[in-house]
Amino acid sequence: MKQKTIEIWVGIFMMIGIAALMMLAFKVSGSAGGGGDVYRINARFENVGGLNEKAPVMIGGVRIGRVADIRIDKEDFSAVVGMDIDSKYDNLPSDTGASILTSGLLGAQFVGLDPGAEDLYLEKGDELEITQSAIQLESLISQFMFSQAGKGDNSGDDDN
Amino acid sequence: MLWLQQLGQIGLRFVSRLGMSLVFLIHALYGAVRCLPRFSLVIQQLFSIGVLTMLIILVSGLFVGMVLGLQGYNQLVNFSAESSLGLVVALFLVRELGPVLSALLFAGRAGSALTAEIGLMKATEQLSAMEMMAVDPMKRVIGPRFVAGLIAVPLLAAMMSAVGVLGGYLIGHGQFGVDPGVYWTSMQNGVDFVDDILNGVIKSVVFGFIVTWVALFEGYDAIPTSEGVSRATTRTVVTSSLAVLGGDFILTALMFGGL
Amino acid sequence: MTVQDPTGQFTNPMVEVSDLHFAFPQRSIYQGINVLIPRGKITVILGPSGCGKSTLLSFVGGRLRPQKGRVVFDGEPVPTRRGEALFTMRRKMGMLFQSSALLTDLSVFENVAFPLREQTDLPEELIRILVLMKLELVGLRGARDLMPAELSGGMARRVALARAIVLDPEMIMYDEPFVGLDPISMGVIVKLIRELNDALGLTSIVVTHDVHEACGIADYIYLLGDGVVSGHGTTEQMLNSEQPEVRQFMQGLPDGPVRYHYPAEDYLDDLGRAI
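Residue numbers (the numbering used here), protein chains in the order written: chain A, 1 to 160; chain B, 1001 to 1259; chain C, 2001 to 2275.
These are computed hints drawn from the structure, not numbers from a lab. Just so it is clear, CB atoms sit at the ideal spot from N, CA and C, and this is done for glycine as well. Don't take each hint at face value.
[Said to hold, decoys possible] Among chain B residues calculated to face chain A with C-beta under 7 Å, some are:
(1) 1043
(2) 1051
(3) 1090
(4) 1123
(5) 1158
(6) 1159
(7) 1161
(8) 1187
(9) 1189
(10) 1191
[Claimed, not checked] According to the in silico footprint, chain B covers these stretches of chain A (three or more CB under 8 Å from chain B):
(11) 11-25
(12) 54-63
[As the list claims (entries may be wrong)] Have a look at the derived ranges for each label pair, beta carbon to beta carbon:
(13) C:2106 with A:63: 54 to 64 Å
(14) B:1176 with A:63: 47 to 57 Å
(15) B:1257 with A:78: 18 to 28 Å
(16) B:1012 with C:2069: 26 to 36 Å
(17) C:2147 with B:1257: 47 to 57 Å
(18) A:8 with C:2068: 51 to 61 Å
(19) B:1010 with C:2040: 17 to 27 Å
(20) B:1238 with C:2194: 48 to 58 Å
(21) B:1238 with C:2040: 48 to 58 Å
(22) C:2136 with B:1012: 25 to 35 Å
(23) A:5 with B:1018: 38 to 48 Å
(24) C:2092 with B:1001: 50 to 60 Å
Given the sequences, and given the hints that come with them, work out the whole structure.
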């Protein structure tokens, strides 16, 4: 009788523990087992900004893969971003473009893919040709400041 | 000169205790293997060290998650990055707070009880009596507790992380109105199964091993008087907490780089 | 000192301790003691507190290793390492600890059943019968569902006794069985020791410092003191002994070979220095 209650409680304990592990695996990390089959494609950028490894790769806001590595091409010093794409998305046109985008004004950066119209599909090891680098906030701000400064001077003149 | 001698004494005592605890560990592991066929003994121990620790773990996990939610949101909102709240809370919990805090709470709740129990069994000659009844205490007493500790701590750590994530959600969504989708997606995008979850589980397995080992050794090695047992209990909490925190530093450096 | 054997009862003894030397790191315990435990008899080991009476049982049980000399149980030297040989030997002996040493998380029934469950694969029904038989023997069949914390000292000791004999050992060792008991419980234990010894044909070793109770049950008495056997003989021999150490202990004289005063410098010198 006593032993039975103990066993039931231990059963509950194990259940909760395993449920917690499951939740961590599926709900928290999203991709259990590190994702199934993937294939690697590369994209060359002038500037990757604040892009990190493991950042998501998305098409139209849907995650299809993640950034696997970021390195520098030793010859022309451009940044090469390797992306692991889920193998179920194996029909990306070969003229797909890639751009580095930011979620929100200051949020994390991710790679957005823009599917093209070719009939040929991207395969393992292919390199994307149309890329757009990360928007650099500093240069945006300085542009904005310069133009504002110019405007401010003009308006000041007008008032007087 | 005297302090040098004292330092030497401390060093010698430390090394000899370390050696003794290693010998004990070998016996305990052998006992743990031999006790497995009688799993009902392990289940009894899982009850007294796992189930009875679960409540404190669940409650503290919830509060830790809620505090992380509050602190995280208040900092992140300065950078308009409150969409990363879920990620911040989850990474803190899964990588560090879950394994470490649950190991510390386990040391305080179950580890001290283990030490006191075994110390008292020694003081009241129960261990000697078992030996005289041709029953090996390593197999009957130490082994099942060791196995139960190894099973319980990783599960407790997972519970703490999971409940903490929910606590963060409660604050983030309920209090500050962070969008549920954003909370969970930022988490799922940023938390990696192998790098974060699995490493966290490995950490908690190691911590469970350390705390159970320390607690059982201190109990088995306690001076069999009430004073000796109470000292051993204190030592269990202090030693295992320090070992967990030190071990956490080493493991973090190994897993996430930096050294 | 060797044991004289006028009656021939020491041929083929159950336990033979010869020339045993042992010292803890801070304290010497034995400087060569010889003890023979005859089969089927109650042998009492007497001695003042802290003289290592109980330690002797640890040697017989193989829990300590002699630094010199040897211990023989039932014709075989006592092995001192953990392992099957030692455990096989221990299955032939029962031991009653001073603190009873009942397992606190098990009921009375389960405590007595413990050796059966650990050592045998008997079916549950047989275990129940054996346990109830032993509990009946010590008069506690009705207390089977109590937990050790609910027992009085005397009852706990009787449960421990039932547990010690549940595997039908050939020898049973009692470590200070009379300590801390009221007169009734003490009488019960004395009666049980005697009855078990005679009814089951056991060999009994009783370690105690209680001269009165010892004389009541002993077939043979050893008196330990100062690391050696200071005297031995039957109860009458011991009571009538002219040997000063034996006389002092048996009659409870405050001063004798064992000094009343702890060693100190001269009393008057000590006082004079203080003034």
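Against the structure, the hints:
A cut of 7 Å between beta carbons decides the hint on residue 1043 of chain B: the least distance to chain A is about 5 Å, and the hint holds. About 5 Å separates the beta-carbon of residue 1051 of chain B from the nearest beta-carbon of chain A, less than 7 Å, and the hint is met. A distance limit of 7 Å between C-beta atoms decides the matter here; for residue 1090 of chain B the minimum to chain A is near 5 Å, and the interface restraint holds. The interface hint given for residue 1123 of chain B is violated, since its Cβ lies 26 Å from the closest Cβ of chain A, which is over the 7 Å cut-off.
For residue 1158 of chain B, the interface hint holds, the least distance from its beta-carbon to any beta-carbon of chain A being 4 Å, beneath 7 Å. For residue 1159 of chain B, the suggested interface contact is upheld, since its CB lies about 4 Å from the closest CB of chain A, less than 7 Å. A hinted interface residue such as residue 1161 of chain B counts as satisfied when its beta carbon comes closer than 7 Å to some beta carbon of chain A; here the least separation is about 6 Å, so the hint holds. A hinted interface residue such as residue 1187 of chain B counts as satisfied when its beta carbon comes closer than 7 Å to some beta carbon of chain A; here the least separation is about 6 Å, so the hint holds.
Among the interface hints, the one on residue 1189 of chain B holds; its C-beta lies about 5 Å from the nearest C-beta in chain A, closer than the 7 Å criterion. Restraint check, residue 1191 of chain B versus chain A: the minimum CB separation of about 4 Å is within 7 Å; hint holds. With 12 residues having a beta carbon nearer than 8 Å to a beta carbon of chain B, the segment 11-25 of chain A meets the requirement of three or more and the stated coverage holds. For the segment 54-63 of chain A, the proposed coverage by chain B is satisfied: 4 residues have a C-beta within less than 8 Å of a C-beta in that chain, meeting the threshold of three.
Checked against the given bound of 54 to 64 Å, the beta carbons of residue 2106 of chain C and residue 63 of chain A, roughly 57 Å apart, stay inside it. Range check, residue 1176 of chain B to residue 63 of chain A: Cβ separation about 25 Å, and the 47 to 57 Å hint is violated. Look at residue 1257 of chain B against residue 78 of chain A: about 26 Å separates their beta carbons, and that is inside 18 to 28 Å. For the pair residue 1012 of chain B and residue 2069 of chain C, the supplied restraint of 26 to 36 Å holds, since their beta-carbon distance comes to about 32 Å.
Taking 47 to 57 Å as the suggested C-beta distance range, the pair residue 2147 of chain C and residue 1257 of chain B conforms, at roughly 54 Å. Our hint of 51 to 61 Å for residue 8 of chain A and residue 2068 of chain C holds, since their Cβ atoms are close to 57 Å apart. The beta-carbon spacing between residue 1010 of chain B and residue 2040 of chain C, approximately 55 Å, falls outside the hinted interval of 17 to 27 Å. Between residue 1238 of chain B and residue 2194 of chain C the C-beta distance comes to about 52 Å, which sits within the given range of 48 to 58 Å.
A hinted range of 48 to 58 Å holds for the C-beta pair residue 1238 of chain B and residue 2040 of chain C, which are about 54 Å apart. Residue 2136 of chain C and residue 1012 of chain B have their C-beta atoms about 56 Å apart, which leaves the hinted 25 to 35 Å range violated. With their beta carbons about 40 Å apart, residue 5 of chain A and residue 1018 of chain B fall inside the hinted range of 38 to 48 Å. With their beta carbons about 56 Å apart, residue 2092 of chain C and residue 1001 of chain B fall inside the hinted range of 50 to 60 Å.
Violated hints, in rising order: 4, 14, 19 and 22; the structure is consistent with all others.
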